[in-house]
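Enquirer: Below, each chain spelled out in residue letters.
2 protein chains.
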Amino acid sequence: MSLKNTHEIDIVRVSSSKIDSVDFDNLTFGTTFTDHMFVCDFREGKWQKAEIKPYAPFLLDPSAKVFHYGQAIFEGMKAYKDESDDVWLFRPDQNFERFNKSAKRMAMPEVDEEIFMSGLHQLIDLEREWVKKGLGNTLYIRPFMIAIGSGVIAAPSTQYRFMIILSPAKSYYSGEVKVIIAEHYSRAANGGIGAAKAAGNYSAQFYPTKLANERGFQQIIWTDDATHTKLEEAGTMNVFFRINDTLYTAPTSERILDGVTRKSLIDLAKRDGIDVAVRPVLVEEIIEAAKDGSLKEIFGAGTAAVVNPIVGFSYQDTYYELPKIENSFALLLKEKLTKIQYKLAEDTFGWTVKI
Amino acid sequence: MSLKNTHEIDIVRVSSSKIDSVDFDNLTFGTTFTDHMFVCDFREGKWQKAEIKPYAPFLLDPSAKVFHYGQAIFEGMKAYKDESDDVWLFRPDQNFERFNKSAKRMAMPEVDEEIFMSGLHQLIDLEREWVKKGLGNTLYIRPFMIAIGSGVIAAPSTQYRFMIILSPAKSYYSGEVKVIIAEHYSRAANGGIGAAKAAGNYSAQFYPTKLANERGFQQIIWTDDATHTKLEEAGTMNVFFRINDTLYTAPTSERILDGVTRKSLIDLAKRDGIDVAVRPVLVEEIIEAAKDGSLKEIFGAGTAAVVNPIVGFSYQDTYYELPKIENSFALLLKEKLTKIQYKLAEDTFGWTVKI
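The listed protein sequences correspond, in order, to chains A and B.
Positions 2 to 356 (my numbering) are the ones given, in order, by the first sequence.
Positions 2 to 356 (my numbering) are the ones given, in order, by the second sequence.
In isolation and in its complexed conformation, chain A is listed as follows (with noise of 0.2 angstroms):
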């Protein structure tokens, strides 16, 4: 796969890189960004002229939509440099289509494939020396569109800014992850916006999450929100459960997110002779299979932690400790994954591309 890079992009550079004062063995994840960022307007029914030019804060009126209504989406993606000094991206054309899949649910309009497309390469590209060599080091990418019309009236903005930064990062999750099992709150409702990535979705579970860590754990996994018996996503990840050799998860909805780390776990796993049942995974038959054993593995998966283990659940208060065991699903597919993403193992399926 090559990526579309016709699109004509305005570039103005930055007098002089930040480049030398980043330490980069110790980077907090999402707060250290790049010097440059990728900006396109729409207004009047189309697309404005792309520019690529010095990160910096930008101006809004206070009665910008997005600030009252939240017509906001985004999307995660990294770059990842291998031993040769190329810089490649892990399926870029997944983040697009669900990136106008989450325009579409919130009445945004759609970006051009060649302006997506051409923005990241031409914005990587000039960041090159930002991607560092080396397994965990990645470049973490942030396409986003916010509404930036103005009017404290609950409509559909005109107007609207599509962006792109870039942020060096080592890995999103760390420590041992307890998670509760979700009784009462939930992200997403039945024709809602769950399958989105809308902003609102995520900071609505900032609260339940703190509530969760006020208890010693790190992440919910979310619940249908109707019944509260089927598990369908862990934190701001996709989850799977291992119960003796075969994998389960959730199949994605219009409440669950279609994630891409998830269907590449699933793929690779099929690949590699390892069970994957996509079906609704129930409440009960996972705590069932924590009190006789046959529960081996939790594990969110998403881009920016890859795969997260989790060590153990509560539910209904009582805590379900998971078993240590030594042919970790998880860390294998997490290495599976992760070499095909640096360069390390060939890409079977033809993921990876490079900029």
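Wrong hints could be hidden among the right ones.
Copies of the same chain look alike in the list, so a pair counts if it fits in one copy or across any two.
Listed below are the simulated EDC-like cross-link pairs for lysine to aspartate or glutamate, each with C-alpha atoms no more than 20 angstroms apart in a straight line [said to hold, decoys possible]:
1. K171 to E9
2. K133 to D273
3. K337 to D36
4. K5 to E347
5. K105 to E215
6. K211 to E255
7. K211 to E45
8. K344 to E286
9. K79 to E347
10. K19 to D62
11. K211 to E111
12. K5 to D26
13. K325 to D246
14. K264 to E215
Calculated directly from the structure, the hints in this document are not laboratory data.
Chain A is already provided as a structure; the job is to place chain B on it using the hints.
Expert: Same frame as chain A, now just chain B:
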């Protein structure tokens, strides 16, 4: 009731007002703003010095949390001028309480009552020329809070901005309003944020509303997301149904906003001998009532529109027209409420507060 106005606020005035350039007879709702705005930032764990200053755009980092995770809440209120040129607020205590309930649900800091009320008082006092006399003229008030901390990591911000902006307004809705009863899309999940005035709740409605618009309907009556059998809100308003001479409206819940207009109408109706039943309202009973002629009225209730009569609704592709009646409860209650707000009728409830 009187307004706490003891908080010290730095005031910087505009050099010249733009009020003479505004055509107060032709205002588009929510698009014209007064000369000044109120701003108070939260950082290092506390609210900083409050300011009133010229209305103007402000700078935010591209990674500001409000853009990525939708941590944003608001309130809608109005000020009214009476025949003696006094300016009045309507139940600001209710908006303040709800604002902090929303803040809590969105893991944002609560605003001190003194800051909220003093901000309202001093800003509106400064802009009292913008509040015009006469029924239908109001000053729409938009308190809101956004997460301004930077960083693309899905966790609550540590920095926030609380603002109040003011917009002179005529009435919000115009024309006949036909609605669709939601059979697929939803606005809120059980255990979600439906009861909060969170930004993300509003943009989530834009796409389904656009689909309704394309079919010739202005709004959607939202139903519970699990079964779509209970009628919950209309567009961005609470909703009332009149069957024979009784008004029905759903109880507030974590899916339904605790509307100030809603509860004021309930109190007014009860005071004046109209039967009100606050209980779940089923789609099926409304369809039956429409068929047998006992369904007399449906109307939305909210600050912007006050009361918004609905002329008919569609359900399962059948359109039900409501009868044209003489003694409309919607119009009667709207008149009673409006007269209290404009100080044209006695405020037996103590709802109005002088600036």
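Enquirer: Using 20 angstroms as the alpha carbon limit, work out where K171 and E9 are close: within a copy, between copies, both or neither.
Expert: neither (32 angstroms within a copy, 45 angstroms between copies)
Enquirer: Under a CA distance limit of 20 angstroms, which applies to K211 and E255: within one copy, between copies, both, or neither?
Expert: Result: close only across copies, 18 angstroms inter versus 25 angstroms intra.
Enquirer: My question is about K5 and E347: at a cut-off of 20 angstroms on alpha-carbon distance, are they close within one copy, between copies, both, or neither?
Expert: Neither. Shortest intra-copy (23 angstroms) and inter-copy (69 angstroms) distances fail the 20 angstroms Cα cut-off.
Enquirer: Within a copy, between copies, both or neither: which one fits K337 and D36 at a CA-CA cutoff of 20 angstroms?
Expert: Result: close neither inside a copy nor across copies, 32 angstroms intra and 59 angstroms inter.
Enquirer: Taking 20 angstroms as the upper bound on the Cα-Cα distance, should K325 and D246 be classified as within, between, both, or neither?
Expert: Intra 15 angstroms, inter 66 angstroms, cutoff 20 angstroms: intra-copy only.
Enquirer: My question is about K19 and D62: at a cut-off of 20 angstroms on alpha-carbon distance, are they close within one copy, between copies, both, or neither?
Expert: between (29 angstroms within a copy, 17 angstroms between copies)
Enquirer: At most 20 angstroms between alpha carbons: which applies to K211 and E45, within, between, both or neither?
Expert: The answer is between: 19 angstroms across copies meets 20 angstroms, while 42 angstroms in one copy does not.
Enquirer: Could you figure out if K264 and E215 sit no more than 20 angstroms apart (CA to CA) within one copy, between two copies, both or neither?
Expert: For K264 and E215, the Cα distance exceeds 20 angstroms both inside one copy (32 angstroms) and across copies (35 angstroms).
Enquirer: For K105 and E215, with the copy left unspecified, which applies at a CA distance of at most 20 angstroms: within, between, both, or neither?
Expert: between (37 angstroms within a copy, 15 angstroms between copies)
Enquirer: For K79 vs E347, is the C-alpha pair at or below 20 angstroms within one copy, between two copies, both, or neither?
Expert: within (18 angstroms within a copy, 64 angstroms between copies)
Enquirer: Reference check for the pair K133 and D273, CA-CA at most 20 angstroms: within, between, both, or neither?
Expert: Classified as neither: same-chain Cα gap 30 angstroms, cross-chain 73 angstroms, threshold 20 angstroms.
Enquirer: Indicate which option fits the pair K211, E111 if close means a Cα-Cα distance not exceeding 20 angstroms: within, between, both or neither.
Expert: Result: close only across copies, 15 angstroms inter versus 34 angstroms intra.
Hints 1, 2, 3, 4, 8, 12, 14 from the earlier list are contradicted by this structure; the remaining hints agree with it.
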